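Novice: Here is what each chain is made of, one letter per residue.
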Amino acid sequence: MLLQSTCDNGFYGEFGGRYVPEILVQALEALAQFYDKLMQDGQFEQELVECLTHYAGRATPLTEVPRFSEAIGGPRILLKREDLLHTGAHKLNNALGQCLLAKKMGKHKIIAETGAGQHGVATATACARLGLECEVFMGATDVKRQAPNVARMRLLGATVTEVHDGQKTLKEAVNAALRRWASCYHDTHYCLGSALGPDPFPRMVATFQSVIGVEARAQMLQQYSCLPSHCVACVGGGSNAIGLFSAFLEDEVALVGVEAGGKGAALGDNAARMQAGAPGVLHGSLSYVLQDAGGQIAPTHSISAGLDYPMIGPMHAFFAKNGRARYTQVGDETALAACKLLTQTEGILPALESSHALGFVMSQAKDFAKDDVVLINLSGRGDKDLDQLMRMEAQA
Amino acid sequence: MNRLNQQLQANAKHYIAYLTAGYPDNQATIDSALALIEGGVDCLELGLPFSDPVADGPSIAHAMSEVLQRHFTLEDYFSIVRAIRKKSQVPIVLFTYANPLFRQHARLLSLCQECGVDGILLVDCPFEHAQEHFAQCRAHGISPINVIAPDTPEHRLKALSEHSDGFVYYACRRGTTGARADLPSDLSQKVAQIKAQTSLPVAVGFGISARTQAASVLEQADAFVIGSAFVNAITQGANAEALTALARELDPRLSKEA
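First to last, the sequence lines map onto chains A and B. The opening position of the first sequence corresponds to residue 1 in our numbering, with each subsequent residue numbered one higher. The opening position of the second sequence corresponds to residue 1 in our numbering, with each subsequent residue numbered one higher.
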């Protein structure tokens with residue numbers, strides 16, 4: 001895969017790396033070696049494929065949404081339906097891959113961070129299925145705004161540890177998970193949820209998510225006898241986007257990543273790293289990060305917990321720099337409008353994260369050619385956001 | 001030759017204290033530092049706060065977060081260093097994370113040189129990614145100090161030592177900084193392993209908060225580091241006199257009666 005060949009010693013161009021305290025260097029080295037060996041192992045791949053097919057419900061369909069297209073006056077639009085994957089988001093692809101890997105590595109405990117709660121639920125689910133112990137770190141703010149997912153994780157047998165530092169969101173949850181891992185990596189695997197963090201996590205997560213793009217590309221050719229003109233995906237850390245993009249890197253397909261524009265351009269009001277960020281080091285890798293002049297990581301805002309994070313994954317920073325993909329932003333209001341419109345025109349309630357990708361196509365509808373075929377990764381379903389949607393409705 | 005090279009020696013017994021700069025305010029850091037030096041500390045590690053200090057446990061992470069709420073800047077940091085330098089010539093090591101360091105690298109290094117910081121301990125950047133930083137440090141007469149961890153293998157240990165100057169820091173347990181009651185059982189074996197690879201002084205830290213622990217450390221190592229115990233005392237409101245007394249109480253080099 002092209003993705004592997006762009007990786008040089010954990011770096012994608014100048015981005016990536018393994019910026020961790022010395023204590024974690026050996027843990028990552030052992031993980032990278034094991035992972036590289038496992039990727040050569042046909043039996044692992046077969047086991048994972050079986051798990052994804054008969055347990056998780058792959059392949060997910062490709063759905064054309066003509067009424068949504070018509071409503072926005074836009075091009076043909078197809079959705080890759082990761083919302084139909086077991087647990088309701090693409091996160092399970094990676095969680096099953098990593099938990100299966102952990103089990104083979106002889107680690108019987110899993111820790112994970114979560115923002116929206118989707119990766120937490122996916123990891124708790126994979127752990128229940130594979131008989132592993134699970135602890136999920138979650139910012140206290142997110143615990144509040146994603147209550148149904150917290151209940152699900154607990155029901156699945158996971159321990160949910162609330163993190164009360166800083167802004168109490170995803171960034172602080174990752175801090176807490178990294179601190180814990182530094183003390184327990186001997187028997188515990190850290191199942192990182194996005195294409196972020198120190199090597200080998202970005203390439204490992206991207207590989208486990210690449211099934212999205214591989215399937216979508218084959219489905220396009222089979223069902224529509226063409227490739228899309230555009231692939232569009234929301235970008236928090238960037239795992240659903242890299243999962244989709246990776247299959248189209250060598251095709252003449254425009255790749256668009258959509259970041260959270262939040263409520264405005266001021267530092268602290270959004271999570272638009274490629275617009276307002278600068279290269280920096282956070283959570284083990286070098287990439288674009290929202291920060292102040294002194295190198296302190298800035299607070300972020302997004303209506304969507306899954307995009308509310310100050311750093312973009314290093315592969316995306318690389319694709320932005322070499323021009324293979326472009327990155328844009330969509331604010332809270334547009335995402336919310338797109339969320340409602342898809343629900344009302346097609347009967348599909350998208351996650352607020354995925355609604356940013358929809359919002360991009362909606363707001364730029366006039367700029368597409370009528371014969372463009374836009375493939376949007378519908379990375380998750382919006383049931384988890386119902387409480388928040390109702391609350392906002394009541395306030396409006 | 002900076003103060004680290006001049007004052008810290010292998011096979012001597014040194015006492016290193018860590019403080020978070022600006023905690024609880026700038027003047028208090030200056031007073032605390034001088035109080036600890038008065039109490040016998042002969043090398044000071046001064047933390048430049050970072051918003052996401054993943055190598056630090058609750059005590060120091062809390063201190064850093066408190067300081068940053070006041071929009072603490074490099075100017076604040078170096079005003080503290082200048083004030084300490086007026087009264088003391090103990091070596092000062094800047095302890096920080098990659099992002100605040102690289103974001104203002106050139107300015108930070110010249111300020112270190114100008115104000116009398118002798119070493120930089122960069123906690124979240126392995127030596128493989130720090131070559132340019134090491135070169136810049138040397139050009140400014142500043143010692144790059146590297147951390148060695150319990151699972152650091154032999155070949156890495158050698159490379160880490162070669163890239164270090166001033167001293168090497170052995171973080172003697174897994175996890176993060178923070179006061180603990182025990183000491184790891186493999187400590188003396190590990191320190192011996194490190195000493196076989198380097199002629200630099202070996203300092204041991206992470207979780208040392210009692211005189212007996214410090215005494216065991218000094219049986220093998222050349223220095224012990226106490227951080228969270230002092231930060232905790234400051235959090236609990238200890239004044240300069242109390243810090244001097246605490247520094248003495250924890251110092252195994254003094255006889256008990258003294």
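Hints listed in this document are in silico derivations from the structure and should not be mistaken for laboratory results. Some hints could be false.
[Stated by the list, open to error] Think about it this way: if two alpha-carbon atoms lie no more than 25 Å apart in a straight line, the pair counts; the simulated SDA-like pairs of lysine to any residue are: (1) A:LYS109 x B:HIS129; (2) A:LYS321 x B:ARG211; (3) A:LYS144 x B:GLN69; (4) A:LYS144 x B:ARG174; (5) A:LYS321 x B:ARG70; (6) B:LYS13 x B:PRO252; (7) A:LYS321 x B:LYS158; (8) B:LYS13 x B:THR235; (9) A:LYS168 x B:LEU68; (10) A:LYS168 x B:HIS105; (11) B:LYS13 x B:GLY237; (12) A:LYS263 x B:HIS71; (13) B:LYS158 x A:GLN33; (14) B:LYS158 x A:ALA30; (15) A:LYS168 x B:ALA215; (16) A:LYS109 x B:ARG70; (17) A:LYS168 x B:GLN197; (18) A:LYS144 x B:HIS62; (19) A:LYS37 x B:ARG156; (20) A:LYS109 x A:TYR35; (21) A:LYS321 x A:GLN388; (22) A:LYS37 x B:HIS71; (23) B:LYS158 x A:PHE44; (24) B:LYS158 x A:GLU29; (25) B:LYS158 x A:LYS109; (26) A:LYS109 x B:PRO184; (27) A:LYS104 x B:PRO153; (28) A:LYS321 x B:GLU132; (29) A:LYS103 x B:ARG174; (30) A:LYS37 x B:THR235; (31) A:LYS104 x B:GLU75; (32) A:LYS168 x B:THR235; (33) A:LYS168 x B:ARG138; (34) A:LYS168 x B:HIS133; (35) A:LYS168 x B:PRO153; (36) A:LYS104 x A:LYS144; (37) A:LYS37 x B:GLU154; (38) A:LYS340 x A:GLN388; (39) A:LYS144 x B:PRO24; (40) A:LYS321 x B:HIS129.
Fair warning: this is a prediction, and the values are worked out from it, not measured in the lab.
Novice: Work down the list of hints and note, for each, if the structure agrees.
Specialist: Against the structure, the hints:
1. A:LYS109 x B:HIS129: Answer violated: LYS109 (chain A) to HIS129 (chain B) is near 30 Å, above 25 Å.
2. A:LYS321 x B:ARG211: violated (54 Å)
3. A:LYS144 x B:GLN69: Holds, because 24 Å separates the two Cα atoms, which is no more than 25 Å.
4. A:LYS144 x B:ARG174: violated (32 Å)
5. A:LYS321 x B:ARG70: Violated, at roughly 35 Å.
6. B:LYS13 x B:PRO252: holds (10 Å)
7. A:LYS321 x B:LYS158: The hint is violated at about 36 Å.
8. B:LYS13 x B:THR235: violated (28 Å)
9. A:LYS168 x B:LEU68: holds (16 Å)
10. A:LYS168 x B:HIS105: Between LYS168 (chain A) and HIS105 (chain B) the Cα gap is close to 29 Å, so the pair fails against 25 Å, i.e. violated.
11. B:LYS13 x B:GLY237: With a Cα-Cα distance of about 29 Å, the restraint between LYS13 (chain B) and GLY237 (chain B) is violated, given a limit of 25 Å.
12. A:LYS263 x B:HIS71: Holds, at about 24 Å.
13. B:LYS158 x A:GLN33: holds (22 Å)
14. B:LYS158 x A:ALA30: holds (19 Å)
15. A:LYS168 x B:ALA215: Given that 25 Å is the threshold and the Cα spacing comes to 40 Å, the pair is violated.
16. A:LYS109 x B:ARG70: violated (39 Å)
17. A:LYS168 x B:GLN197: violated (43 Å)
18. A:LYS144 x B:HIS62: Holds. LYS144 (chain A) to HIS62 (chain B) sits at ~23 Å (cutoff 25 Å).
19. A:LYS37 x B:ARG156: This hinted pair holds, its Cα atoms lying about 22 Å apart.
20. A:LYS109 x A:TYR35: Roughly 17 Å separates the two Cα atoms, so the pair holds.
21. A:LYS321 x A:GLN388: violated (36 Å)
22. A:LYS37 x B:HIS71: Since the Cα atoms of LYS37 (chain A) and HIS71 (chain B) sit roughly 47 Å apart, the hinted pair is violated (cutoff 25 Å).
23. B:LYS158 x A:PHE44: Violated. LYS158 (chain B) to PHE44 (chain A) sits at ~36 Å, over the 25 Å cutoff.
24. B:LYS158 x A:GLU29: holds (17 Å)
25. B:LYS158 x A:LYS109: violated (33 Å)
26. A:LYS109 x B:PRO184: Distance of about 23 Å is within 25 Å: holds.
27. A:LYS104 x B:PRO153: Judged against 25 Å, a Cα distance of about 24 Å means the pair holds.
28. A:LYS321 x B:GLU132: holds (22 Å)
29. A:LYS103 x B:ARG174: Holds, at roughly 22 Å.
30. A:LYS37 x B:THR235: violated (48 Å)
31. A:LYS104 x B:GLU75: Between LYS104 (chain A) and GLU75 (chain B) the Cα gap is close to 51 Å, so the pair fails against 25 Å, i.e. violated.
32. A:LYS168 x B:THR235: holds (22 Å)
33. A:LYS168 x B:ARG138: The given pair, whose Cα atoms are some 39 Å apart, is violated under the 25 Å limit.
34. A:LYS168 x B:HIS133: violated (33 Å)
35. A:LYS168 x B:PRO153: Cα-Cα ~36 Å, so violated.
36. A:LYS104 x A:LYS144: It is violated: about 35 Å lies between the C-alpha atoms, which goes past 25 Å.
37. A:LYS37 x B:GLU154: holds (23 Å)
38. A:LYS340 x A:GLN388: Cα-Cα ~13 Å, so holds.
39. A:LYS144 x B:PRO24: violated (31 Å)
40. A:LYS321 x B:HIS129: Holds, because 21 Å separates the two Cα atoms, which is no more than 25 Å.
In summary, the structure is inconsistent with hints 1, 2, 4, 5, 7, 8, 10, 11, 15, 16, 17, 21, 22, 23, 25, 30, 31, 33, 34, 35, 36 and 39 from the numbered list given earlier, while agreeing with the others.
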